[in-house]
Amino acid sequence: MRPMTIAGLAVLGLLIVLPFGLKGYGIYILSLWIVYSIAAMGLNLTLGYAGQVSLAQAAFLGIGAYTTALLMKAGYPFFVGFGLSAGICFGVGLILGYPALRVQHHFLAFVTLGFNALVWLVFRNEEWLTGGTYGLMGFSRPSFFGVSTNNPVVFYFFSLALFLLLAFVLWWIVRSPWGRAFQALRENPIRANSLGVDVRRMTLLAFAIGSAYGGMAGSLFAPLVEFIDPQSFMLDTSLMLLLMVIVGGSGHFFGPILGALLVILLPEWLRFTEGLYLIIYASLVIVLLAVCPSGLLGLYERTAAAVRARSSDRRESAGGSAP
Amino acid sequence: MNSASGNVLRVRGISKSFGGVHAVNDVSFDVQEGEVLGLIGPNGSGKSTLFDCILGQLTPDTGEVYVGGEAVAGKRPCDLNKLGIARTFQMLQVFPEMTVLENIILAGQEHHGGMLSRLFGKRDAGLTEEADEMIAFFRLSHLRDQRAGSLSYGQQKLLDVAMAFMAGPRLVMLDEPAGGVNLTMLESLKEHLKVFNEERGATFVVIEHNMEFVMALCSRILVLSNGAIIAEGTPEEIRNDPDVIEAYLGA
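Line by line, the protein sequences give chains A and B.
Last residue of the first sequence: 323 (my numbering), numbering continuous.
Last residue of the second sequence: 1251 (my numbering), numbering continuous.
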């Protein structure tokens, strides 16, 4: 077995055992990490693979959360809300992709930022639908085949299963020819276009699929937190999701998952420093990005390549013919 | 006249202005099946702009372009590529973060199957074998799994040309393939293009400043100056044309 496979199985084993050793709050944090990972994975497709800057992922998280909460309050089963969240966000993401056909980089960042603000205003002001600043509550966690996910451990495993499914789907997409076309879009859209890549279609798809992942994450977020209000889906959440992608390693499959772990756990670990925690947290992020702008997985890759090169040098200098 | 009689490309009355500058001024020409047409002219004479107008990168102010008899006005570069016209750019354009193999597969994958088959089908779109042949033909096999960005300039230039050939095009338009390539690499590039032309019947339009390269490769040459065609003929005729000498050397 390759070392990556072994590492992957070890992590999976840990994720299965871990909740039994944790108290309620620990399990909640772990579930939150899974939910944010799904949203960050989607943003990684849009930004990391296809190179389209988006500061609107929190808006899709919100659309998914409100859609699911409203439907569950109306008595519909969870998966109706989940499916509809994915569908609505796919459609809205497709529309948000159109500006990206005209503007790129920081201009696109401002377009998507404006969109996030707009969605947030709808959440806050349309009280008849969203409850305004009071938010929405009073929807229960879903149950399947008589098993309620009210138990935090059960909900955690439910989230983990959905997460694994969605991660597999995304992995399939990025390793298919679509993934290659997305990457071509990021590296050189003009050349990609001249080689037959339908740049317009792929740009819109990158936004649509990434946004759908935001919506599905939001759909899990609502029953996890059991209370949603507009504050959870402001620009700072979009920036946090962007940070997860960049810290973990934008364009690396596991990057956003690792990034989400760091961004969620670090504040918890730094809790003992009390008032100083934000200062330490911010400093760590600055140092990390200055040292490895390609994120943690980028740093890992460079180190691994250097180690391989050094060990093959050593074999050659030892006089033996390298295999 | 029937347009289908061996003309791969027909260009009629293309003009393009930027502000008050007539970059391309009423240019018409044909490209016949199997020929290698050279397009030369001083810097700023409108060669690359003409390419961009033909290939949908720019929208010409006036004029028509026909591919195999079909008018292609308003088509996007990716649509034209699917009609069988491939190109390279003046500035080197490969995908630096992808391997050589990935670059070549990308260049072919959009020509195989539909959108859904590219999502659910094979990762390499069934192209690895064909891609390896192309890589071997350009003598890049030892670099197959290297990042394209780590190759030397000349090797990247070969890769760039190889990508243009990957879709099995009817016509390849090369914008300064020899620019910045060293002498040995230049010879090998010339040989490769000749083989493609003579053995596989590929048709080319080549923009180039290297006269030796153009004269050796092309069967017919167009000379562009200030956006207009000032001469047309065999390499021998062009070499002795007083207008051409004037355009290149005169004030």
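Just so you know, the hints here were simulated from the structure itself, not pulled from any lab data.
Source: prediction; values computed, not measured.
Don't take every hint at face value.
Computed footprint of chain A on chain B, listed as stretches where at least three residues anywhere in the stretch have a Cβ under 8 Å from a Cβ of chain A [what the hints assert, rightly or not]:
#1 1007-1013
#2 1073-1083
#3 1087-1101
#4 1113-1122
Listed next, with one range per pair, are the computed distances between beta-carbon atoms [as the list claims (entries may be wrong)]:
#5 B:1168 <-> A:107: 33 to 43 Å
#6 B:1021 <-> A:133: 51 to 61 Å
#7 B:1021 <-> A:103: 25 to 35 Å
#8 A:144 <-> B:1120: 55 to 65 Å
#9 B:1121 <-> A:80: 28 to 38 Å
#10 B:1120 <-> A:87: 39 to 49 Å
Backbone N, C-alpha and C define an ideal beta-carbon position, used for all residues, glycine too.
May I ask which of the numbered hints given earlier this structure violates, with the numbers listed in increasing order? When the structure is compared with the hints, numbers 1, 8, 10 turn out to be violated.
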